[in-house]
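Kindly produce the complete structure, drawing on both the sequences and the hints.
Protein sequence lines correspond, in order, to chains A and B.
Residues 50 to 163 (the numbering used here) are what the first sequence spells out, left to right.
Residues 21 to 133 (the numbering used here) are what the second sequence spells out, left to right.
Calculated from the structure, these hints are not laboratory results.
Beta carbons are placed, not taken as given, at the ideal position from N, Cα and C, and that holds for glycine.
It is possible that part of the hints are untrue.
As the list claims (entries may be wrong) - List of simulated lysine to aspartate or glutamate pairs, EDC-like, C-alpha gap at most 20 Å:
| id | chain 1 | residue 1 | chain 2 | residue 2 |
| --- | --- | --- | --- | --- |
| 1 | B | Lys125 | A | Glu93 |
| 2 | B | Lys23 | A | Asp73 |
| 3 | B | Lys72 | A | Asp150 |
| 4 | B | Lys23 | B | Asp102 |
| 5 | A | Lys120 | A | Asp73 |
To be verified - Part of the chain B face toward chain A, derived, beta carbon under 7 Å:
| id | residue |
| --- | --- |
| 6 | Cys32 |
| 7 | Tyr52 |
| 8 | Pro64 |
| 9 | Ala113 |
| 10 | Gly124 |
Claimed, not checked - If you want the ones that stay clear, here's a sample from chain B, every Cβ over 10 Å from chain A, calculated:
| id | residue |
| --- | --- |
| 11 | Met30 |
| 12 | Ala33 |
| 13 | Glu34 |
| 14 | Arg36 |
| 15 | Asn43 |
| 16 | Ser45 |
| 17 | Thr76 |
| 18 | Met79 |
| 19 | Thr85 |
| 20 | Arg88 |
| 21 | Thr92 |
| 22 | Pro96 |
| 23 | His97 |
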Amino acid sequence: DTGVSQDPRHKITKRGQNVTFRCDPISEHNRLYWYRQTLGQGPEFLTYFQNEAQLEKSRLLSDRFSAERPKGSFSTLEIQRTEQGDSAMYLCASSLGRGTDTQYFGPGTRLTVL
Amino acid sequence: DAKTTQPPSMDCAEGRAANLPCNHSTISGNEYVYWYRQIHSQGPQYIIHGLKNNETNEMASLIITEDRKSSTLILPHATLRDTAVYYCIVRVAIGGGADGLTFGKGTHLIIQP
Numbered sequence: 050d051t052g053v054s055q056d057p058r059h060k061i062t063k064r065g066q067n068v069t070f071r072c073d074p075i076s077e078h079n080r081l082y083w084y085r086q087t088l089g090q091g092p093e094f095l096t097y098f099q100n101e102a103q104l105e106k107s108r109l110l111s112d113r114f115s116a117e118r119p120k121g122s123f124s125t126l127e128i129q130r131t132e133q134g135d136s137a138m139y140l141c142a143s144s145l146g147r148g149t150d151t152q153y154f155g156p157g158t159r160l161t162v163l
Numbered sequence: 021d022a023k024t025t026q027p028p029s030m031d032c033a034e035g036r037a038a039n040l041p042c043n044h045s046t047i048s049g050n051e052y053v054y055w056y057r058q059i060h061s062q063g064p065q066y067i068i069h070g071l072k073n074n075e076t077n078e079m080a081s082l083i084i085t086e087d088r089k090s091s092t093l094i095l096p097h098a099t100l101r102d103t104a105v106y107y108c109i110v111r112v113a114i115g116g117g118a119d120g121l122t123f124g125k126g127t128h129l130i131i132q133p
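Structural data, given as structure tokens:
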């Protein structure tokens with residue numbers, strides 16, 4: 050399967066711990082996006098990368114959140130000092146970065162902060 | 021990106037066509053209409069997109085009104101596996117604005133056996 054993959058699929062952590070999620074985009078996709086989705090709501094945009102450059106950050110991305118895409122391929126999203134309000138589905142998407150630039154989503158990582 | 025309005029929920033009988041409306045009355049000339057769906061606990065799945073003309077692919081048809089202020093997603097023969105939340109999104113083509121998608125709450129489509 051050559052779709053977007055995310056790891057882990059589920060993560061349970063205690064408040065105050067750090068967590069890191071990984072996203073592998075579709076091969077040759079230059080753009081990579083992170084979204085967060087809480088129960089009953091649509092996904093909310095967090096940030097995106099054009100190759101290795103982080104070009105946009107939402108106001109939702111607090112200082113405890115950091116994302117990287119060091120070689121322009123996979124990306125990691127780290128949350129430091131997790132809070133219960135961080136419990137959500139974290140979604141990754143990728144796109145070619147040209148044309149109508151359709152985004153394709155991965156299966157998501159479900160984070161539960163106890 | 022322009023805002024969209026969708027009904028919160030709809031029912032459709034299995035085997036019938038499901039017609040999901042979306043209002044985007046403030047859409048700009050360079051904004052595309054995208055449709056995604058999300059089955060419970062999965063990531064959103066791209067369905068179809070269009071600018072002005074009607075579009076059809078293996079999953080669905082997209083009908084956009086001439087004034088582009090509304091559109092309808094048509095699933096021609098709905099099955100139980102089509103039960104999902106359907107999102108209508110308008111978005112400027114690459115380079116024309118913000119690049120994150122703006123999701124609303126979508127329409128929860130329930131296919132009845």
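Each hint tested on the structure:
For the hint linking Lys125(B) to Glu93(A), the alpha-carbon distance of about 11 Å falls within 20 Å, and the restraint holds. Taking the CA atoms of Lys23(B) and Asp73(A), the gap is near 30 Å; set against the 20 Å cutoff, the hint is violated. Between Lys72(B) and Asp150(A) the alpha-carbon distance is near 17 Å, which keeps this suggested pair within the 20 Å criterion. Between Lys23(B) and Asp102(B) the alpha-carbon distance is near 25 Å, which puts this suggested pair outside the 20 Å criterion.
The hinted pair formed by Lys120(A) and Asp73(A) meets the criterion: a straight-line CA distance of about 12 Å does not exceed 20 Å. Annotation: interface hint on Cys32(B) violated; nearest CB of chain A at approximately 21 Å, more than 7 Å. The beta carbon of Tyr52(B) is positioned within 7 Å of a beta carbon in chain A (closest approach about 6 Å), and the interface hint is therefore held. Given hint, Pro64(B) at the interface with chain A, holds; its Cβ is 5 Å from that chain's nearest Cβ, closer than 7 Å.
Evaluation of the Ala113(B) hint against chain A yields a held restraint, the C-beta minimum of about 6 Å falling below 7 Å. Nearest Cβ of chain A to the Cβ of Gly124(B): about 6 Å, under the 7 Å cut. The hint holds. With a least CB separation of 17 Å from chain A, Met30(B) remains clear of the 10 Å interface cut-off, as annotated. For Ala33(B), the requirement that its beta carbon stay farther than 10 Å from each beta carbon of chain A is met, with the minimum near 26 Å.
The Cβ of Glu34(B) sits about 26 Å from the closest Cβ of chain A, beyond the 10 Å cut-off, so the non-interface label holds. Taking the minimum C-beta to C-beta distance to chain A, about 26 Å, the non-interface status of Arg36(B) holds against the 10 Å cut. With a minimum CB-CB distance of about 16 Å to chain A, Asn43(B) clears the 10 Å threshold, and the non-interface call stands. The Cβ of Ser45(B) lies farther than 10 Å from every Cβ of chain A, with a closest approach of about 20 Å, so its non-interface assignment holds.
Non-interface call for Thr76(B) relative to chain A: holds, since the shortest CB-CB distance, roughly 16 Å, exceeds 10 Å. With a least beta-carbon separation of about 13 Å from chain A, Met79(B) lies farther than 10 Å from that chain, consistent with its non-interface assignment. Chain A leaves Thr85(B) outside its interface by the beta-carbon criterion, the shortest separation being 20 Å against a cut-off of 10 Å. No Cβ of chain A approaches the Cβ of Arg88(B) within 10 Å, the least distance being about 16 Å, so the stated non-interface status holds.
At roughly 20 Å, the least C-beta separation between Thr92(B) and chain A is larger than 10 Å, which holds for a residue marked as non-interface. No beta-carbon of chain A comes within 10 Å of the beta-carbon of Pro96(B); the shortest separation is about 22 Å. Here His97(B) stays apart from chain A, with its beta-carbon at least about 24 Å from theirs, past the 10 Å limit.
Against the hints set out earlier in the document, violations occur for numbers 2, 4 and 6.
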